[in-house]
Amino acid sequence: QGAQRRQELLNSCSTLGIPASRVTIINHKNLPDDPKAEWSISLVSSIIMKHMTAHSISMVLTFDGRGVSGHANHIAINKAVRHLAYTGEASEGCVLLSLVTVGLFR
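Numbering (the numbering used here), first residue to last: 13 to 118.
In case anyone wonders, no lab produced these hints; they're calculated from the structure.
The C-beta atom is built at its ideal place from N, Cα and C for all residues, glycine as well.
Not one of these hints is a red herring.
Here are the simulated lysine to aspartate or glutamate pairs, EDC-like style, with alpha carbons at most 20 Å apart: (1) K91 / D76; (2) K48 / D76; (3) K91 / E101; (4) K91 / D46; (5) K91 / D45.
Derived DEER-like restraints, expressed as beta-carbon distance ranges: (6) K62 / F117: 38 to 46 Å; (7) L111 / I37: 12 to 20 Å; (8) S26 / K62: 19 to 27 Å; (9) S70 / A49: 27 to 35 Å; (10) A97 / T36: 19 to 27 Å; (11) T36 / S81: 20 to 28 Å.
Modelling step: build the complete structure from the supplied sequences, incorporating the hints.
Encoded structure:
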């Protein structure tokens, strides 16, 4: 499903006006592509911060606190971005946004 998820991400970014050249997909040995994997919040935060700084990112859009469908790795990304917001580590003026998951029948 990796190729499918990659394409979904690229399509979503394209819809938001973000070119594929500005999308980074990270494969890290301590961050397995597994919805049940408990990712380290500090590791995820540091990786996000590194890319925000290196690419002068002014806006981050992440999963909501439920991780779309309860995926632990998605929830870890939300927690990592919230950590950056609460600690003030994110660059001043950087907008940090979280999606809101809605039910299928909404």
